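Q: Read off the chains here:
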Amino acid sequence: MSDPAAVENPLVKGLERLPVHPTVLVIFGATGDLAKRKLLPALYNLAHEGALPERFHLIGVSRRDKAHEEFAAVADTAIREFSRREPDDKVLAALLAEVKYVAGTFDDATVYAALKAELDAFDVAAGQPLNRAFYLSTAPEFFPVIVEQLGNAGLTEAAGEAEVRVIIEKPFGTTLDEAIDLNQRVLAVLDETQVFRIDHYLGKETVQNMLAFRFANSMFEPLFNRNYIDNVQITAAEDIGIGTRAGYYDNAGALRDLVQNHMLQLLTLLCMEPPVDFSADEVRSEKVKVLHSIRPPHRDEVFRAQYGPGTHAGDDVVGYLQEDGVPAGSHTETFAAMRLHVDNWRWAGVPFYLRTGKSLARKVTEIAVTFKPVPHLAFGEEGSVGVKPNQLILTMQPNEGVSLSLGAKIPGNRMRIRPVNMEFLYGTAFMSQSPEAYERLIMDAMRGDATLFTRNDEVEAQWRICDPVVRRWEDEAEPLVQYPAGSQGPPEASALLLGDDQWRAI
Amino acid sequence: MPIVPATHDGLWRERDTSPSAIEAAIRRLLTEAHAENESYVPARVMNLVTIVDQQWSGEIANRLRRVGRHHPSRTVVCAVEPRRTTLDAVCTVAGPAETKPGDFAVLRETVIVTCGPQHLPHLDTIVDPLVVTDLPTMVWSPHGHPEAVDALRHLCQIALLDSVDEPDSGDALRRAHELCEELYVVDLAWLRSAPWRERIAATFDPATVRGDLRLLSSVEVRHHPDSAAAALLLVGWLASRLGWTVSPLVQRGGPAGRRVGTAHARRQDVKITLDADATMTVPGLAGVALASASGRSLRFDRGSGGLRASYSRTVRGGTDVAREWTILGASRGEAGILGEGIRQALLRDPTYGPALDAALTLAG
Chain A
1 MSDPAAVENP LVKGLERLPV HPTVLVIFGA TGDLAKRKLL PALYNLAHEG ALPERFHLIG
61 VSRRDKAHEE FAAVADTAIR EFSRREPDDK VLAALLAEVK YVAGTFDDAT VYAALKAELD
121 AFDVAAGQPL NRAFYLSTAP EFFPVIVEQL GNAGLTEAAG EAEVRVIIEK PFGTTLDEAI
181 DLNQRVLAVL DETQVFRIDH YLGKETVQNM LAFRFANSMF EPLFNRNYID NVQITAAEDI
241 GIGTRAGYYD NAGALRDLVQ NHMLQLLTLL CMEPPVDFSA DEVRSEKVKV LHSIRPPHRD
301 EVFRAQYGPG THAGDDVVGY LQEDGVPAGS HTETFAAMRL HVDNWRWAGV PFYLRTGKSL
361 ARKVTEIAVT FKPVPHLAFG EEGSVGVKPN QLILTMQPNE GVSLSLGAKI PGNRMRIRPV
421 NMEFLYGTAF MSQSPEAYER LIMDAMRGDA TLFTRNDEVE AQWRICDPVV RRWEDEAEPL
481 VQYPAGSQGP PEASALLLGD DQWRAI
Chain B
1 MPIVPATHDG LWRERDTSPS AIEAAIRRLL TEAHAENESY VPARVMNLVT IVDQQWSGEI
61 ANRLRRVGRH HPSRTVVCAV EPRRTTLDAV CTVAGPAETK PGDFAVLRET VIVTCGPQHL
121 PHLDTIVDPL VVTDLPTMVW SPHGHPEAVD ALRHLCQIAL LDSVDEPDSG DALRRAHELC
181 EELYVVDLAW LRSAPWRERI AATFDPATVR GDLRLLSSVE VRHHPDSAAA ALLLVGWLAS
241 RLGWTVSPLV QRGGPAGRRV GTAHARRQDV KITLDADATM TVPGLAGVAL ASASGRSLRF
301 DRGSGGLRAS YSRTVRGGTD VAREWTILGA SRGEAGILGE GIRQALLRDP TYGPALDAAL
361 TLAG
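Each protein sequence line maps, in turn, to chains A and B. All residue numbers for the first sequence refer to our numbering, where the first residue is 1 and numbers rise by one. All residue numbers for the second sequence refer to our numbering, where the first residue is 1 and numbers rise by one.
Read the hints as simulated data drawn from the structure, not as lab findings. Keep in mind it's a predicted model, so treat the numbers as computed, not measured. Note that CB positions come from ideal geometry on N, CA and C, so glycine has one too. Please note that a few of the clues may not be correct.
Claimed, not checked - Pair ranges (Cβ atoms, derived):
id	chain 1	residue 1	chain 2	residue 2	range
1	A	A216	B	L155	26 to 32 Å
2	B	R66	A	A158	58 to 64 Å
3	B	T281	A	A126	28 to 34 Å
4	A	T451	B	T281	39 to 45 Å
As the list claims (entries may be wrong) - Coverage of chain B stretches by chain A, computed from C-beta distances (three or more under 8 Å per stretch; other residues unrestricted):
id	segment
5	42 to 49
6	165 to 174
Working from the sequences, and respecting the hints, build out all of it.
A: The following block contains the structure:
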């Protein structure tokens, strides 16, 4: 028998945190909003929990001129402001003790030479080549520029056992052509296994729980098909407007902001076949099959609108066109809805309704699966609301959980039925705080596990569904339907629904 | 999750009561809470049954309060009072300060039953009606009372213990081993060694150094004088994972001194040294040093902001490489360890049992 130590690490079994190769994380856009609010606090929390690799270094790259110590001070302030836990001064000081900063524009080759010098110095100090993870937290137009410059500087080639990985924030293109072009430019420099396209929704515990719900429970899977399911609604509603994000949002709109990525991801997780195993490529291949089964929606299967003035929490709020920074007469949608069909044996004929919007009545993200009604109703409905089809609600936020509506007898002498809910709330069953999505995703990227990241063909398949809609909407000049801020959304969206289907109340 | 002040605090108390009356009271308190505010929902994570001496029950209550987010959903405290022959009980159902419309708020249930030593051999007949059926149930008896734990064995699936609580580490490990036959044991002494185990595993994870695991020639562990059990478990873990044959260590310098011995690996012997560190103020480990026959040595010591790691490689003629660095991580503190113990009740660690077996042999 061969010595186990020669082939695998026998010390790993049973450990909750698997080893991660020593790593240097380089954040491009290190002084930006995302870095301050999410990435740096996530790194601190990982450090606090002892989850970072045993050797970990951080390098910030940004346009603003700063000394290493100044960047450390920026990071310190951001972590203290945005961390989900009170920082431990000693851990924070240790995390930031050797932080480096490289200033310059992202197309400047000297920036990469300086970066290489810092990276090499860390390797020398460690006595081994460290993994390099480049996090692109910049405006999207810099993604290909940075990747190409990394390639030109020889920073994408691994030394020895070390790996080089590039984490790319969303949006991955704003049209299909852009996504294809970006993929080509990125993959001209990197191997697909080195690329980690972030969709932070996939890092949320409740989204991952969809896989557990579907594939760890035998009772629902036999019902998850066209024979038992009448329709599916996926809702991602926000109760606030665009705030200070007019610059980004007016170029994106609701379809690009949420439907093309997050909502289609939810749909794939709901519809995918059981993967052979939960390795990155098996899971992603099953998701891509679902996306390939969806044809782009026709003109009458999509709807968009914009919020007008209204009321939120008792206060008057302005409409989208009155928000700071929004161009007069903007045609950007703040509400998008569509009816999709997954044309495969499991789902053919089941309508999937997707809707998302800003400034709606409530913040909620949920999937509502409505089952077909019973074939024959033996009970009279007089004197009650009657029997309703069963609904399975998977709530992502705010009350993460699963709810199943059932018909139950109303107490009394007569056989009268009304729907009741069987509720499962994650918060009552685990009582633990879920890690921030970015904490999970940063660790997975450093570990090289791409399961929760979007593959190149997945991104393009998502765009193939949404791109025709984007192009049609760009060509349409008429004013958008307005819905009052704080409302349930535009009633006109009901035109997408088939038969007696109704939108669930937000 | 920040700890918020409880505003809803349903309370029931009764002297000379019975388990059925207590159980009815909890149900009523839950119903009343929900009637007052439908956002209140009962948590259903796990039951924790803890047996404590009445005079120290406040200290245990404080420890449980400090565990933060990893708390059980129903806590049943059996406070043992000498010479008591009847049962008194206090039940509380507490919810958080504020609830938003449409949101939910989780309720925590606590039952304190004051009982006498005579109740302990049949404690299951008191506790059984008080735990939520179908939830995992963990028993924790920090002040001894093994007869009470034995009475609850068929009711519980998990035993929480801290092997460093016992004055004799061998006795502690034997008790853990005995409980392992029927229950899943969560040993806080084992959890104290977790960061050290993770770091050792990470150090030897790169394929280029993994081969050194076969060449380990010495292991030194420094520990709090009361935490020999944690040190024995750490060495037991290495021995069980690496296939070493172990034999009892020899004690030198009294119970708080040094233990030394040798394990047999496939290629060479491994010198084992456990040193009590009287300067250490908290339970657990103070440092670990590993050396290999290839001349590499590695130390981890508690330091500011994490563990201080040092590595050196000795070649003929002297040391050719020496490095130091910090492995980031905050101390979990005793409250964090207890919280982790409660969380671990819902998980299963397959490496504890073999490590415990080896630790028992090492303890002699």
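Q: Holds or violated: the 28 to 34 Å window for the beta-carbon distance between T281(B) and A126(A)?
A: holds (32 Å)
Q: Against the range 26 to 32 Å, how does the distance between the Cβ atoms of A216(A) and L155(B) compare: consistent or not?
A: holds (27 Å)
Q: Does the beta carbon distance between R66(B) and A158(A) stay inside 58 to 64 Å, or does it fall outside?
A: violated (45 Å)
Q: Has the hinted range 39 to 45 Å been met by the Cβ atoms of T451(A) and T281(B)?
A: Distance hint for T451(A), T281(B) holds at roughly 43 Å.
Q: How does the segment 42 to 49 of chain B fare against chain A when you require at least three residues with a CB closer than 8 Å, holds or violated?
A: As far as the segment 42 to 49 of chain B goes, the hint holds, because 4 residues have Cβ atoms under 8 Å from chain A.
Q: How about the segment 165 to 174 of chain B: do at least three of its residues have a C-beta closer than 8 Å to a C-beta of chain A?
A: Three-residue rule not met by the segment 165 to 174 of chain B, so violated; n is 0.
This entry does not satisfy hints 2 and 6, going by the numbered hints stated previously.
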